[in-house]
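Trainee: Protein chains in written order, with our numbering: chain E, 1 to 402; chain V, 1 to 301.
No lab work stands behind these hints, which were simulated from the structure alone. Accuracy of the hints is not assured; some may be wrong.
[Claimed, not checked] Partial pick of chain E residues on the chain V-facing surface, computed with a CB cut under 7 Å: (1) Asp50; (2) Ala87; (3) Glu91; (4) Gly98; (5) Ala100; (6) Met120; (7) Met229; (8) Pro232.
[Claimed, not checked] Where chain E lies over chain V, by a calculated footprint (3+ residues, C-beta under 8 Å): (9) 63–75; (10) 105–117.
[Unchecked claim] Derived Cβ-Cβ restraints for the label pairs, each shown as a range: (11) E:Ile272 with V:Pro18: 43 to 51 Å; (12) V:Gly119 with E:Ile7: 20 to 28 Å; (13) V:Met180 with E:Ala251: 54 to 62 Å; (14) V:Gly30 with E:Pro209: 43 to 51 Å; (15) E:Ser5 with V:Glu188: 56 to 64 Å; (16) V:Glu32 with E:Val224: 51 to 59 Å; (17) V:Gln277 with E:Asp211: 42 to 50 Å; (18) V:Val183 with E:Met112: 32 to 40 Å; (19) E:Pro209 with V:Gly119: 53 to 61 Å.
For clarity, every value in this text was computed on a predicted model and none was experimentally measured. Beta carbons: idealized from backbone N, C-alpha and C, even for Gly.
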Amino acid sequence: METTSVIGTKNKKGQVYTDPRVMMNEAPRTPSFFTGSEVIKEAVRRASVDVMIAYPITPQSEAAALIGELFAEGYIGDYFRGESEFAVMSECAGAAFGGARVFTTTAGPGTMRAMENFPMWAGARLPIQCIVTCRGINSPLSIQPDTIEISYLMQTGMLVWHAETAQDFYDWIMKGYMVSEEPDVHLPLALCCDGFFVTHTKDVVNLTPADMCLPPYDPYRSPVPCMDMECPPVRMMRDPFVMKSNYISYATHASWQQEVWAAIERSRKHTIAWMDGLIETENADADVLIVSSGTAVSQGREAIRLLADEGIRVGLVKIKTLRPWPGEEIREATKNAKYIIVPEFNVVGWMAREIKASIPNSDRVIAGPHVCGGMTMPPEIIVEQIKHALGIRSAALAGRGS
Amino acid sequence: MSKERIKIAPEFFDIMPPEYQDLVTRATYGNESRGWKDIGTSKELIEEHSLCAGCPESMAFRYILASLPNPEDTVMVGSTGCTSLVFPHVAVHNIHSLFGNQNAVASGLKRALTVRFPGRIKDVVVLAGDGATVDIGLDMTLQAWFRQEKFTTICFDNELYANTGGQESGLMQKGFVAKMAPVGKTFEKVRLPEIARESGCHYVVNCTVSKPSLVEKVIKNAVYVAREIGPTYLQLYTPCILEIGKNSMEGLQEMRDSEKPTERFAYKEYISEPAKQLLAEIAAKEKERKAAAKQLTSQEA
Ligand SMILES: Cc1ncc(C[n+]2csc(CCOP(=O)(O)OP(=O)(O)O)c2C)c(N)n1
Ligand code: SF4
Ligand SMILES: [Mg+2]
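Using the sequences and the hints, build the whole thing.
Mentor: Next comes the structure, spelled out in structure tokens:
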């Protein structure tokens, strides 16, 4: 990697630019008890971020404000509060066009307000990292966790990852930059987590040393020119393609979209190397598998424990990346499963739909349990769903009358 | 710097497109006294344009690009509209991303360039239509000014949404009958120059592009003030001859008619105190530079 030229030198805060593989995989880790928001701050402290742009919305406001403290301490080049999420994401775009490593955070209605920017980021090949701490987007107003916004992000051409725990979050913020800044990827990353469950709870997270940081972003390792007038201002095209209603115009637009989606696919190899695969499995040979992402996976783990106490063996597939979609991996992991249980924190069941579209005999997929609007997902309702599938009677958890 | 960054390796010179060869040999990057008078004798930074024949936006583009004081370190930000069809032909880096977000993009861009190139000049200039500046993008236009972002905002005011076929815009005159204003626009032309002043712009000019020397002056002032002090705003009348029913030859006259003292594009400027001081210093230095150059030539003679 070109960027290794600065490895071993110090930044103005005295942190040593460290080979990312050494920093993430070999450097000693210190267990620390932090909220998810504090973990975001600690990751950004070590990520050599040039520009962060913030806007308040629960449940990411705390993280966004904590990063402001990092700026005040001199860890970030520039930081300010934008005027709306739409503007913030455009401000992020401007900073990334100008060659900065850019970080931002949003949630729920903020994600939706900003939406026009996301396919633009992807098409412009801007490797911005946007933390999405998912919350409801419905009316009446809700601030509670709900993952429906992820289903919109999945169609934008961004990389979309879904963290389960604060530890995932910590590691993936830094690994996320490493993947999305690869010249053959060079795409924005929506790094999602379930709001509150991850952002506002405390957990033990193993941190890398605070005096080590990622090498800075090199904007010239990019498939498109950086807009800083440091390289020739090429004339971009003979005629703007929007002017043309002809085959060349259509072909250009079509092939660029295909290229963006191909770049998502090319991110696989880097992501697999950094994250040890796009999925993680436990007891994948069991007849019943719980397959999901985010904190639905954590609740699945609890359900598996409860069922084990009753002698029922259930396996787990944790999906880490939604874009790229690990279709092949899921097909392989679920090939012997008779029942595929997909618990989700949203009303539409987008995860179950994606899984159904990727595997043979999709009637094995049981789309549920679903909770939404901020409801928690007690492991018992997953247990109940599984027992129901297996034809085992269980006491109703909440009577609907019989 | 001069043309250092665009130089072509000698081995490849002959296979480069002729317009690029021209840029390297005959453009005025790095020439401190560049200006509108170079048009016709040097390579312009606009290759060609796909605007309607005679569209005053094309004149405005040529004058502005000839007048930028520091094109070799200037990045422009555009928006969707007729202007976005010209930018792909422009030989300074420029960004088009969405409709109306130009001042937000420029805010992020300027800050990134400041972080990345401390101690170096990197000018940012926004150029967008009136719909982009005043309607869909008004929030971001004003907020960039409130925040005192150090870049220039230029609005090509053609008093309507040209690119989508002539719909009503906030800068359209009251009473004008247009698409989406079927009984005539019911409210006054938005007073953006005044709003710009109140919003914190340090240099504001409202004029037409009928006189290239004037365009050169206001562009240079706006860029210098934005570089050193804070936001600047130029509202330039570039009539959409297509939508107001004029012929290709009539754009200039339309601008002359609208800049008469009682008309809406009569020259109007506002300059803040710090900006006045800066412009006076620059003028004094310029005078000195010219005097020194004159002395040098007379000595040589
Ligand atoms: C979000 C969004 N809304 C609407 C449009 C359609 N649109 C494209 S250009 C334009 C009008 C541009 O008007 P103006 O900014 O005045 O520029 P002009 O074409 O007049 O130079 C509109 C409405 C768009 N591209 N994006
Ligand atoms: S539509 Fe109007 S503004 Fe656009 S290029 Fe034609 S004359 Fe100019
Ligand atoms: Mg217009």
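Trainee: If a hint holds in the structure, say so; if it does not, say that too.
Mentor: Here's how the hints hold up against the structure:
1. Hint on Asp50 of chain E holds. Least Cβ distance to chain V is approximately 5 Å, under the 7 Å limit.
2. Satisfaction of the interface hint for Ala87 of chain E is found here, the shortest Cβ-Cβ separation to chain V being roughly 4 Å, below the 7 Å cut-off.
3. Because the closest C-beta pair between Glu91 of chain E and chain V is about 4 Å apart, less than 7 Å, the hint holds.
4. Restraint check, Gly98 of chain E versus chain V: the minimum CB separation of about 3 Å is within 7 Å; hint holds.
5. Nearest Cβ of chain V to the Cβ of Ala100 of chain E: about 4 Å, under the 7 Å cut. The hint holds.
6. Satisfaction of the interface hint for Met120 of chain E is found here, the shortest Cβ-Cβ separation to chain V being roughly 5 Å, below the 7 Å cut-off.
7. For Met229 of chain E, the shortest C-beta to C-beta distance to chain V is roughly 5 Å, which falls under 7 Å, so the interface hint holds.
8. The beta carbon of Pro232 of chain E is positioned within 7 Å of a beta carbon in chain V (closest approach about 4 Å), and the interface hint is therefore held.
9. With a cut-off of 8 Å between beta carbons, the region 63–75 of chain V has 4 residues touching chain E; three or more are needed, and the interface restraint holds.
10. Given a C-beta distance limit of less than 8 Å, the hint that chain E covers the region 105–117 of chain V holds, as 13 residues qualify and 3 suffice.
11. Between Ile272 of chain E and Pro18 of chain V the CB atoms are about 47 Å apart, so this pair conforms to the stated range of 43 to 51 Å.
12. Between Gly119 of chain V and Ile7 of chain E the C-beta distance comes to about 25 Å, which sits within the given range of 20 to 28 Å.
13. Restraint check, Met180 of chain V to Ala251 of chain E: a C-beta distance of roughly 34 Å breaks the suggested window 54 to 62 Å.
14. For Gly30 of chain V and Pro209 of chain E, the Cβ-Cβ distance of about 46 Å falls inside the hinted range of 43 to 51 Å, so the restraint holds.
15. About 59 Å separates the C-beta atoms of Ser5 of chain E and Glu188 of chain V, a value consistent with the hinted range of 56 to 64 Å.
16. Taking 51 to 59 Å as the suggested C-beta distance range, the pair Glu32 of chain V and Val224 of chain E does not conform, at roughly 31 Å.
17. The hinted range of 42 to 50 Å is satisfied by Gln277 of chain V and Asp211 of chain E, whose Cβ atoms lie roughly 46 Å apart.
18. The hinted window of 32 to 40 Å between Val183 of chain V and Met112 of chain E holds, with their beta carbons roughly 35 Å apart.
19. One distance hint, 53 to 61 Å for the beta-carbon pair Pro209 of chain E and Gly119 of chain V, is violated here, with the actual separation near 32 Å.
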